[in-house]
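Could you put the whole structure together from the sequences, leaning on the hints where they help?
Counting from 1, one number per residue, gives the positions in the sequence shown under my numbering.
Be a bit skeptical, because a hint or two may be false.
The list that follows gives simulated cross-link-like pairs (lysine-lysine, DSSO-like), each with its CA atoms no further than 30 Å apart [what the hints assert, rightly or not]:
| no. | residue 1 | residue 2 |
| --- | --- | --- |
| 1 | 236 | 311 |
| 2 | 394 | 191 |
| 3 | 390 | 194 |
| 4 | 251 | 194 |
| 5 | 387 | 256 |
| 6 | 154 | 104 |
| 7 | 404 | 394 |
| 8 | 393 | 20 |
| 9 | 251 | 197 |
The set of hints was computed from the structure by calculation and includes no laboratory data.
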Amino acid sequence: MTENNTKRTDTSEKKNGFKKTKIGWVPEDWEVNNLQAVADVSMGQSPDSKSYNSIGEGVYLIQGNADIKDRRSNPRLWTSRPTKKCMVNDILMSVRAPVGTISKSYHNACIGRGMCSIQSTGINGEFLYQYLLSYEESWKSVEQGSTFTAVNGKDVRTLKIPIPSLPEQQKIASILSDWDEAIENTQSLIKKLKLRKKGLMQQLLTGKTRLAGFSEEWKEKELGHYIKSTLRPINKPEQEFLALGLRSHGKGIFHKPNFNPNSIAMETLYEVKENDLVVNITFAWEQAIAIANKEDEGGLVSHRFPTFTFKEGVSDAVFFRYYVLQPRFKYLLNVISPGGAGRNRVMSKKDFPRIMVKIPSYKEQKAISGILNLIDSEIEQNEDFLKQLKSQKKGLMQQLLTGKIRVKID
Numbered sequence: 001m002t003e004n005n006t007k008r009t010d011t012s013e014k015k016n017g018f019k020k021t022k023i024g025w026v027p028e029d030w031e032v033n034n035l036q037a038v039a040d041v042s043m044g045q046s047p048d049s050k051s052y053n054s055i056g057e058g059v060y061l062i063q064g065n066a067d068i069k070d071r072r073s074n075p076r077l078w079t080s081r082p083t084k085k086c087m088v089n090d091i092l093m094s095v096r097a098p099v100g101t102i103s104k105s106y107h108n109a110c111i112g113r114g115m116c117s118i119q120s121t122g123i124n125g126e127f128l129y130q131y132l133l134s135y136e137e138s139w140k141s142v143e144q145g146s147t148f149t150a151v152n153g154k155d156v157r158t159l160k161i162p163i164p165s166l167p168e169q170q171k172i173a174s175i176l177s178d179w180d181e182a183i184e185n186t187q188s189l190i191k192k193l194k195l196r197k198k199g200l201m202q203q204l205l206t207g208k209t210r211l212a213g214f215s216e217e218w219k220e221k222e223l224g225h226y227i228k229s230t231l232r233p234i235n236k237p238e239q240e241f242l243a244l245g246l247r248s249h250g251k252g253i254f255h256k257p258n259f260n261p262n263s264i265a266m267e268t269l270y271e272v273k274e275n276d277l278v279v280n281i282t283f284a285w286e287q288a289i290a291i292a293n294k295e296d297e298g299g300l301v302s303h304r305f306p307t308f309t310f311k312e313g314v315s316d317a318v319f320f321r322y323y324v325l326q327p328r329f330k331y332l333l334n335v336i337s338p339g340g341a342g343r344n345r346v347m348s349k350k351d352f353p354r355i356m357v358k359i360p361s362y363k364e365q366k367a368i369s370g371i372l373n374l375i376d377s378e379i380e381q382n383e384d385f386l387k388q389l390k391s392q393k394k395g396l397m398q399q400l401l402t403g404k405i406r407v408k409i410d
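Written as structure tokens, this is what we have:
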């Protein structure tokens, strides 16, 4: 790779107060310099693999992106023979595919050849970190358009960096750091809500914890008491159609839009409707089961995806949306899916309705699903808010780190 930052060149006419540089138009009072002029770059070097250990001997080892979590170093191993090192608060950048991913070191560690460390010397460290974050997509776009899967020391050291005055660097860094803090706080809240939901599911869906006003004993009955087989056969469409699939591990239904009917031999397919219970008989043992959502309505499946509906006044679809994801239900699906691993383990359609389950009354089902649905709504709201924060920060980075919007210096 050569001539870094060319992707950012702006060919538009000169703007008042701006000058044209190799990275486009920047404010006249800003400088543009190579990274090596404002930071020390250390390219990683993998130590002897015989020195790797998991007992804390030596120093932490950061080999690549596998040792990064949430943009923080998260090493899994140690090495007793460190080569190149990074220090706490150094910026880390992956130099092997995927190239350009930015994080921070929270450890004094050894860095392997998949990483380089960047230590600011003539620039505000947080400003540099934010700029390198903003440049991630540029690395990716170059990587996708070529055959390279790594960058070398020259590529990193000659990366062009826009440099405002130190007070402006500090102000920009402070603003973007505030957004990072809001993003981290929201991510933390989402994690807590998901843990709370998991705990509630373990308690409420097993009867270990009962809601106020409910004391009737849960009775064990066949699953068929609550569901009924509902097949809606149709002739295979002649035109492209929406096909549905099921992810394993309770990950839900996925869409295959514009599915080519000529790619399958079967002539009969089956329509799915909202609130159907759908199971993949081939991977039921891997918990490939879900309740259809509104957006799944009208999608088509093969005979390997039997559909069931819930009996009115007896079973609540929302309650079962959570119930079928419980470890106990996965175990029951395993029991009726005999055979070896993979496609040889086919669930018995006949045995599925005969599974014995302990389910509360319809009224208690509704109460439990109401609570779990409420926390799901809270999770969804915070996930939407998180998307907004990330989008807002991206917009701010595009404006502040290019000087299109100037900050006021106290």
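Hint-by-hint comparison with the structure:
Distance check on the hinted pair: residue 236 and residue 311 sit about 29 Å apart at the alpha-carbon level, within 30 Å; holds. Note on residue 394 and residue 191: the hinted pairing holds, with a Cα-Cα distance of about 23 Å set against a maximum of 30 Å. At roughly 20 Å between alpha-carbon atoms, residue 390 and residue 194 fall within 30 Å of each other, so this suggested pair holds. Of the supplied pair hints, the one linking residue 251 and residue 194 holds, its CA atoms being roughly 15 Å apart against a limit of 30 Å.
This hinted pair checks out: residue 387 and residue 256 have alpha carbons roughly 25 Å apart, not beyond 30 Å. For the given pair, residue 154 sits about 21 Å from residue 104 by alpha-carbon distance, which is consistent with the 30 Å threshold. A threshold of 30 Å between alpha carbons decides the hint, and for residue 404 with residue 394 the separation of about 14 Å falls inside it, so the pair holds. Of the supplied pair hints, the one linking residue 393 and residue 20 holds, its CA atoms being roughly 25 Å apart against a limit of 30 Å.
A distance of roughly 16 Å separates the Cα atoms of residue 251 and residue 197; the hinted pair therefore holds under the 30 Å criterion.
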